[in-house]
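S.K.: For reference, the chains in residue letters:
There are 2 protein chains.
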Amino acid sequence: MKKIINKTEDIVPEMISGLVKANSDLVKQIDGTTAVVRNDSKFAEEKQVGVVSGGGSGHEPLHAGYVGDGMLSAAVAGEVFTSPTPDQIYEAIKAVDHGLGVLLIVKNYSGDVMNFDMAKEMAEADDIKIKSIVVDDDISVENSEFTQGKRGVAGTVLVEKIVGAAARLGMNLDDLAALGQKVIDSTKTVGIALHAATVPAVGHPGFELGDDEIEYGIGIHNERGYSVEKIQPSKELAHELIKKIMGEFPDQTGNFAVLINGMGATPLMEQYIFANDVLNELAADNISVGFSKVGNQVTSLDMQGISLTIMKADDDWIKMLKEPVATIGW
Amino acid sequence: MKKIINKTEDIVPEMISGLVKANSDLVKQIDGTTAVVRNDSKFAEEKQVGVVSGGGSGHEPLHAGYVGDGMLSAAVAGEVFTSPTPDQIYEAIKAVDHGLGVLLIVKNYSGDVMNFDMAKEMAEADDIKIKSIVVDDDISVENSEFTQGKRGVAGTVLVEKIVGAAARLGMNLDDLAALGQKVIDSTKTVGIALHAATVPAVGHPGFELGDDEIEYGIGIHNERGYSVEKIQPSKELAHELIKKIMGEFPDQTGNFAVLINGMGATPLMEQYIFANDVLNELAADNISVGFSKVGNQVTSLDMQGISLTIMKADDDWIKMLKEPVATIGW
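Going down the list, the sequences are from chains W and D. Under the UniProt record's numbering, the first sequence is numbered contiguously, ending at residue 330. Under the UniProt record's numbering, the second sequence is numbered contiguously, ending at residue 330.
Since the hints were made in silico from the structure, they are not lab data. A portion of the hints provided could be inaccurate.
All copies of an identical chain are treated as equivalent in the list; a pair is satisfied when it fits inside any one copy or across any two copies.
Stated by the list, open to error - Below, in silico cross-link-like pairs of lysine-lysine (PhoX-like), each with a Cα-Cα straight-line distance of 25 Å or less:
1) 47 <-> 3
2) 94 <-> 42
3) 319 <-> 42
4) 7 <-> 131
5) 42 <-> 322
6) 235 <-> 21
7) 230 <-> 2
8) 244 <-> 21
Turn these sequences into a full structure, and let the hints guide you.
M.R.: Here it is in structure tokens:
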């Protein structure tokens, strides 16, 4: 394993410290935690529902890279592929509550759900109005190593973007939670790996694939998928993922949003070629795409691979996806 | 070699097509070329000097990812690691000339310099006011495989940002070229590879490094560097690069700008850890950092590695680096 790190146990604190130092006009760290909070000039006088997300590290720019005006109010980082602790989540909640309450956006992993729930109880005991929504956009497999139900993956960033935009527009906590749930229900993702991620403390890839093999349906923590196959041209990969995802949408009228997401070690060049194939096939199928985005958004350390997220999107959501934000990663 | 592509010969046109389709509110393609031009609403009525850059593909988001209000007017993509042709560059020049002239930003590779020069002559024959500047920020080696003099690498994006901001503010062509040259002279970069890039048509990495080896001073086309060493902790890597670069600045007072750049397959996690070490060491040395940025800006396909760029920056330049832009990649 060759990685640009110091000691394995210092990875997360050093990463957060680097991120905050390099972007101090946008974000600051809550002392003694790995929670990152907005630090822009608008934040202090802001009157909006706070939006907090977080999860294990190794998925950068998710989540700290989405902290900023129009997206998240705060993000909490756990150790690599490990949930953040309830007390750290609770500190983030307190830091962003302006009296209008806080919405938690949680990816569906047992550890995350449990720890965010505990933080929520701590906040409730403190009379903070608080709700949570759980993202489970990965339709590849029903249950998984760390999950009951479907996993939360790249679609999370679209949920954070729409919820963040609505919060900035002044939506109240109940409506925001309902909107977030509706967005989650309309968002479906499938990913492919060409090469598994190497967790630093482990030192070797999470699973092995042959020189000409890929795996469909992998998760963002090296969870296995639904099928190992010979690698295909990008067009065929796009076709397989589109077929699988669009099967989840009985009504294919109206607008859709598309996210092509790199898993960490896949260059933008390949992501754009894949995007070309995806957008061509959707156009040929008369699927209307109102928003599309390509890039490394929800990664899995140095995994080589890609995921496709498709959302059936109200026109309002398309508008909210396009709203400018001031974040590191969007 | 496992890559998400179709036919090798279609890589660049398909990549450009995907990039443009996914970002049609920002950019459009000039028919029959791989040149990408601004497509935002402000561009048509704009009165500013046009800024055109380009070069071989494989360095995404450079250059097409920096086309947009406040940065490049157009970018021209060659084949992988190959200069764009003069006629394509010429089409881009014509598309962005509003009568105030066009500045070309060229990376210092023999093929690029020659082809941009030919395009410049074509434009001059057409009575378009035109100047060019050549970026040679890589201080690792004096001459290289494809270069007379120093190579142009990640510092290019900072040059494009400052020149683009100044052009938007209405600076004339002569002053813009002089500013660009001054910025280039103040910008120094050194890169490290942990693993070389695989050019798709070649099918294997450009050079081999041992399981515990890194190479200092590599270029963005698999050009060899100045030394192969055992891998060190991030702190030591940061120290080596800072020492080498800061030796180029006899006057270390005033402000500096810092760019930590991922080479394509190195996760943001490692880039932030490295950034933390760089910013800590500069702070300990009382070097004032007025601007810093971390991410994949000027990549080399799937190379694993990182580069550090440091610029001695006027206060005006820091301001221009911080100006918001509407691009895919900044």
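S.K.: Hint by hint, which ones does this structure get wrong, listed from lowest number up?
M.R.: 1, 4
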